[in-house]
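Going line by line, the protein sequences match chains A and B.
Just so we're aligned: 48 in the working numbering is position 48 of the first sequence, and the numbers increase by one with no gaps anywhere.
Just so we're aligned: 224 in the working numbering is position 111 of the second sequence, and the numbers increase by one with no gaps anywhere.
Take these hints with a grain of salt, some might be off.
Computed Cβ-Cβ distance ranges for the label pairs, DEER-style [what the hints assert, rightly or not]:
hint	chain 1	residue 1	chain 2	residue 2	range
1	A	N7	B	G175	34 to 40 Å
2	B	R223	A	A83	33 to 39 Å
3	A	E60	B	Q167	36 to 42 Å
4	B	T118	A	E54	41 to 47 Å
5	A	G16	B	S183	48 to 54 Å
6	A	N12	B	T225	28 to 34 Å
None of these hints come from the bench; they were simulated from the model.
Here the structure is a predicted model, which means the values were calculated and not measured.
Glycine included, every Cβ here is placed at the ideal spot set by N, Cα and C.
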Amino acid sequence: SQKIEQNSEALNIQEGKTATLTCNYTNYSPAYLQWYRQDPGRGPVFLLLIRENEKEKRKERLKVTFDTTLKQSLFHITASQPADSATYLCALEAGAGSYQLTFGKGTKLSVIP
Amino acid sequence: KAGVTQTPRYLIKTRGQQVTLSCSPISGHRSVSWYQQTPGQGLQFLFEYFSETQRNKGNFPGRFSGRQFSNSRSEMNVSTLELGDSALYLCASSSGGFGGGEQYFGPGTRLTVT
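Assemble the whole structure, with the sequences as input and the hints as a guide.
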């Protein structure tokens with residue numbers, strides 16, 4: 001069966017360090033993968049999308065990599081700040097043309113001042 | 114552009130009742146998806162609508178239903194509420210079919226069933 005796993009439920013990191021979050025998947029052949037941020041009591045907010053033919057994508061302090069051989073995406077936040085504290089979710093389309101996004105359960109990141 | 118709006122934001126219902134939640138997508142967006150979020154299960158897909166047609170449905174019982182109107186606004190209905198239906202219900206809109214479209218989420222409706 002299809003699975004999306006975000007390896008850490010929670011990750012604590014010191015301010016200024018680089019946070020690295022992992023998303024692994026099985027039994028998917030995704031054309032793309034997305035990352036979202038969710039703050040408590042709010043809806044997720046789209047951050048980045050990376051396509052299967054892209055190895056890496058950057059946006060300001062964010063970087064995403066996508067390895068379709070390893071079936072893994074890494075999400076990095078450089079020079080992390082307390083304001084980066086949130087839950088980060090990865091998401092894949094359940095199947096080509098399925099019109100359904102399947103989300104991992106998220107990693108709760110806490111950046112400690 | 115105004116974001117996705119959901120009403121009501123909070124709702125308390127009793128077991129056995131039914132509830133209707135509403136979602137207004139971003140102007141110009143024709144796709145609306147609904148999700149249920151609970152601490153144990155995370156975000157789970159309920160259904161997706163595009164131009165008033167349901168294109169996909171998640172693995173939920175028939176008590177969960179939805180519809181989309183010609184102006185792209187969407188409603189979801191849960192009949193015969195159970196305690197386990199307590200959750201945050203999120204809707205998300207996107208410009209159209211998938212092929213890389215990111216989703217824009219509303220703030221959610223917090224449903225509590227007592």
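Against the structure, the hints:
no.	hint	verdict
1	A/N7 <-> B/G175: 34 to 40 Å	35 Å, holds
2	B/R223 <-> A/A83: 33 to 39 Å	24 Å, violated
3	A/E60 <-> B/Q167: 36 to 42 Å	37 Å, holds
4	B/T118 <-> A/E54: 41 to 47 Å	33 Å, violated
5	A/G16 <-> B/S183: 48 to 54 Å	52 Å, holds
6	A/N12 <-> B/T225: 28 to 34 Å	31 Å, holds
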